[in-house]
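Chain A is fixed; fit chain B onto it per the hints.
As a plain string of letters, each chain reads:
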Amino acid sequence: MIEALSTLLLWLGGAFFVVGTVGLLRFPDVYSRLHALTKADTLGLGLVILGLSLRADRLATVLLMLFIWLLVMASSATACQLLARYQLQSDKDSSDGSE
Amino acid sequence: MSSGKANLWRKLQTGAIWCAFYFLLWLILAAAEAPLFGLLLAMFAAWVSVGINNTRWFIRLSALPAFIIFFLIELWLGAWDVARRAVHPAVPLNPAWVSYPLKTTDEQVRLLLSALTGLLPGTLASHYQQGELHVHVLDQQQDWADIISRLESHLTRLLTGIQP
Numbered sequence: 001m002i003e004a005l006s007t008l009l010l011w012l013g014g015a016f017f018v019v020g021t022v023g024l025l026r027f028p029d030v031y032s033r034l035h036a037l038t039k040a041d042t043l044g045l046g047l048v049i050l051g052l053s054l055r056a057d058r059l060a061t062v063l064l065m066l067f068i069w070l071l072v073m074a075s076s077a078t079a080c081q082l083l084a085r086y087q088l089q090s091d092k093d094s095s096d097g098s099e
Numbered sequence: 001m002s003s004g005k006a007n008l009w010r011k012l013q014t015g016a017i018w019c020a021f022y023f024l025l026w027l028i029l030a031a032a033e034a035p036l037f038g039l040l041l042a043m044f045a046a047w048v049s050v051g052i053n054n055t056r057w058f059i060r061l062s063a064l065p066a067f068i069i070f071f072l073i074e075l076w077l078g079a080w081d082v083a084r085r086a087v088h089p090a091v092p093l094n095p096a097w098v099s100y101p102l103k104t105t106d107e108q109v110r111l112l113l114s115a116l117t118g119l120l121p122g123t124l125a126s127h128y129q130q131g132e133l134h135v136h137v138l139d140q141q142q143d144w145a146d147i148i149s150r151l152e153s154h155l156t157r158l159l160t161g162i163q164p
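If you read the protein sequences in the order shown, they are chains A and B. Heads up, the first sequence is in the numbering used here, so the first residue is 1 and it goes up one at a time. Heads up, the second sequence is in the numbering used here, so the first residue is 1 and it goes up one at a time.
If we strip away everything but chain A, and leave its shape as in the complex, we get (with noise of 0.2 Å):
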């Protein structure tokens, strides 16, 4: 039972990367396609992280385990919110530069 339950978490953590980056190829802007990648990645990260730990052995694995998805989580929104200010620097550049 537990094994099944791990099994369908960590598939649905699957399917939210590839998800994520069906986003981020069909999307049409960088913005649009900084939502897709951010948000679909962690939620598939945590979800695989989660399907792991039924099957971990130890507490410290699974603490290990959620202590990485906070870190990746705090690094990807840090991340997106930095690249997102930088296009748009960089778009505001280029539009004044073409007035």
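Don't read these hints as lab results, they were simulated from the structure. Treat the hints with care, as some may be off.
Stated by the list, open to error - Stretch by stretch, here's where chain A covers chain B in the computed footprint (C-beta under 8 Å, at least three residues):
#: 1; segment: 38-51
#: 2; segment: 70-79
Said to hold, decoys possible - In silico negatives: residues of chain B with every beta carbon more than 10 Å from chain A:
#: 3; residue: S62
#: 4; residue: A86
#: 5; residue: A90
No residue lacks a Cβ here, since even glycine has one placed at the ideal position from N, Cα and C.
Here is chain B on its own, set in the frame of chain A:
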């Protein structure tokens, strides 16, 4: 002169706390291997933290469960929403830049709000300026202000203890 000394003392104290925190992080992640290298890295990271004026963060534990539940639900909704838009051509994208008037004046709440907005459904912040958060939304018709406002209230309770 004495205020300069007090300032230096406060910086050293903050640096030491950050250093301890980063070193603990290293010990957990590296399973206590190469502690000397970890300590050097922790010292460097602490120096950067003090350099960018990162003060200490205090979390109100009583506000933590509500925040975690809210955040996990919104994270799920956000990823689901973006997944639907990515694979379903019939679900429209109507992106735009909007401004959200910040209610809080607390710098830590603003900083965290700006970062975490990117994980909520359909919203992504680039920066805040003069009391306004600049947000990119995937769909202008969606009630984005309500979602950000709820996150802002949760963070205010979590980091300042004030009931907004």
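Hint by hint, here is what the structure shows:
| no. | hint | in the structure |
| --- | --- | --- |
| 1 | 38-51 | violated (count 0) |
| 2 | 70-79 | holds (count 4) |
| 3 | S62 | holds (20 Å) |
| 4 | A86 | violated (3 Å) |
| 5 | A90 | holds (13 Å) |
Going down the numbered hints, you'll see the structure goes against 1, 4, while the others check out.
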